[in-house]
Amino acid sequence: MKPSSVVQTMLKIGSRRSVESVRGMLGAIGVALVLTGCATSGNPKDPIEGFNRAMFAINDGVDQAVIRPVAVGYDTVMPSPLKKGVTNFFGNIADLFIGVNNLLQGKVSNGVSDFGRVLVNSTVGLLGLIDVASDIGMEKHNEDFGQTFGRWGIDSGAYVVLPLLGPSTVRDTVGLIADSKTNPVPHIDDVSVRNSLLALSLIDKRASFLAADKVVEAAALDKYSYIRDAHLQRRRNLIFDGNPPRERDDSASTFDVDVGHDTTLAQHTDADLSIGEVATTAYK
Amino acid sequence: MKLVTGILILASSIAFSAKLGAQEIAPDTLIRNVSNEVLDIVRKDKDIQAGHTSKAIDLIESKVLPHFNFMRMTQLAVGKDWRQANSEQQKTLANEFHTLLVRTYSKALSEYRNEKITIKPLTLKPEDTDARVRTEISQANSGKPIGLDYYMEKSASGWKVYDIEIGGVSLITNYRETFGSEIRRSGVDGLIKLLQSKNQPAEGATAKK
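Protein sequences appear in the order of chains A and B. Read left to right, the first sequence gives residues 227 to 510 (the working numbering). Read left to right, the second sequence gives residues 39 to 247 (the working numbering).
With the rest of the complex left out, here is chain A (with noise of 0.2 Å):
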């Protein structure tokens, strides 16, 4: 099939780079593994910053070692309506499980709306490459596992840095495995075929933020938490479907306690971990 050998033929181009920064992958562990035990910011979001942080780390050097140079390739070797057609084919099969999730949340007419799209795209639309039902008005929506929990009133839990897959809470890392549950990708008995269609669901979601690369490189100070933080208003966002209860004048934030410890800031990473526990706790 030719978008499976393209595709293989771009992993091996990424894993012999691999190779050559595997020794690099090892150090940057290395290092981050003896910076875990070191000061975190004390969100309380974040409890195990340090974890995180480090497989923050880990995660973007294999993007920078493989995977973003796969995506890279894909973006600028394929044809623009054939990358299309991959989006809509992974889209279509999305939309069966964002209509189970819909239908969990309760809300039936969009949960309804989804297996049309399903019926309309895998049908009109040739098995999902012509995303016919937005032309014809039908909304594509956004759910999952993760967000019909948050939406049945689950609280997120700490933020986690899953490795490859990146940002997560407790919440949702829970909900992803029940996503695979219902993909039916996964479940595909022929091996090669399957492991194509996974490399290419990857490098497509992959090669769709190449532009936002940029631009997260150029506006965060401090790359790690502005991808937590930007994370964590995004799944806010979507579990309430674009509008959030507004928390707009939060400076009223956990660090209130902080206020006489001013003087003290500017001391050792000990003294920030007192405040952070301090700040934790009382924000419990």
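Please keep in mind that the hints were generated in silico from the structure rather than gathered at the bench. Some hints could be false.
Heads up, simulated DSS-like pairs for lysine-lysine below, C-alpha to C-alpha not over 30 Å straight-line [stated by the list, open to error]:
# : chain 1 : residue 1 : chain 2 : residue 2
1 : B       : 154       : A       : 309
2 : B       : 93        : B       : 231
3 : B       : 158       : A       : 440
Here are some chain A residues the structure puts well away from chain B; computed CB gaps all over 10 Å [what the hints assert, rightly or not]:
#  : residue
4  : 319
5  : 339
6  : 341
7  : 342
8  : 350
9  : 382
10 : 404
11 : 408
12 : 409
13 : 410
14 : 419
15 : 471
The structure displayed is predicted, hence computed values, not measured ones. A virtual CB, placed ideally from N, CA and C, is assigned to each residue, including glycine.
Got chain A sorted already, so can you dock chain B onto it with the hints?
Only chain B this time, still in chain A's reference frame:
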């Protein structure tokens, strides 16, 4: 008498409407006009599309940023620590934040590839001084558009933006976490230094991880 009165009325109404004209551009109209103008220029300018930031920066400084209230944005991003900073520091912070945002925005503009922007209708009461203008950007490869919301407040010189939300992620809220932890680590001066080093022309400076 009637002629004089007539001329007086005419003159004052012209003066009145000129003043009104400056102040009364509705927030959504303002956003629509500026967006269309800027994107038109970007569409025709190959240099900007190729990533030559100096032209993009000029464009942003002249067309976009006059409609932003940077003091307010910086104050909101710094949060409760703003009161700890003296007015010299506050001015420096606002300037550095301004530079950071210009560079970020110019990077974003250079990635523009003919996406369409739709501005949603806004209902505004005459006494409203705060508005949220919702726009949507259709994405090149995927069906679902991304929301881009402008939070604006009415000021003496017209409506000004004080926050932007992209896909539900508020710029101010995002920076507040980073600014806050840097201030806790090294004070307001430390934050200023961090912003200044980030704003250095990019060759050596890499973002802190």
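Quick rundown of the hints versus the structure:
For a cut-off of 30 Å, the pair hint linking residue 154 of chain B to residue 309 of chain A stands: about 19 Å separates their Cα positions. Restraint check: the Cα-Cα separation between residue 93 of chain B and residue 231 of chain B comes to about 27 Å, which is no more than 30 Å; the hinted pair holds. Taking the CA atoms of residue 158 of chain B and residue 440 of chain A, the gap is about 28 Å. The hint holds against a cut of 30 Å. Listed as a non-interface residue, residue 319 of chain A keeps its Cβ farther than 10 Å from every Cβ of chain B; the least gap is roughly 14 Å.
No beta-carbon of chain B is positioned within 10 Å of the beta-carbon of residue 339 of chain A; the least distance is around 13 Å. No Cβ of chain B comes within 10 Å of the Cβ of residue 341 of chain A; the nearest lies about 16 Å off, and the non-interface call holds. Every CB of chain B is more than 10 Å from the CB of residue 342 of chain A (nearest about 14 Å), matching its label as outside the interface. Listed as outside the interface, residue 350 of chain A is consistent with that label: its C-beta sits roughly 15 Å from the nearest C-beta of chain B, beyond the 10 Å cut-off.
At roughly 14 Å from the closest C-beta of chain B, the C-beta of residue 382 of chain A stays outside 10 Å, upholding its exclusion from the interface. With a closest Cβ-Cβ approach of about 22 Å to chain B, residue 404 of chain A is found to remain outside the 10 Å limit, as its non-interface label requires. Residue 408 of chain A, annotated as away from the interface, keeps every beta carbon of chain B farther than 10 Å; the closest lies near 20 Å. The beta carbon of residue 409 of chain A sits about 18 Å from the closest Cβ of chain B, which is more than 10 Å, so the claim that it is off the interface holds.
Even its closest Cβ contact with chain B, about 20 Å, leaves residue 410 of chain A beyond 10 Å, as expected for a residue assigned away from the interface. Against chain B, the non-interface label of residue 419 of chain A holds: every CB pair exceeds 10 Å, the least being about 23 Å. Residue 471 of chain A, annotated as away from the interface, keeps every beta carbon of chain B farther than 10 Å; the closest lies near 12 Å.
Checked against the numbered hints given earlier, the structure satisfies every one of them.
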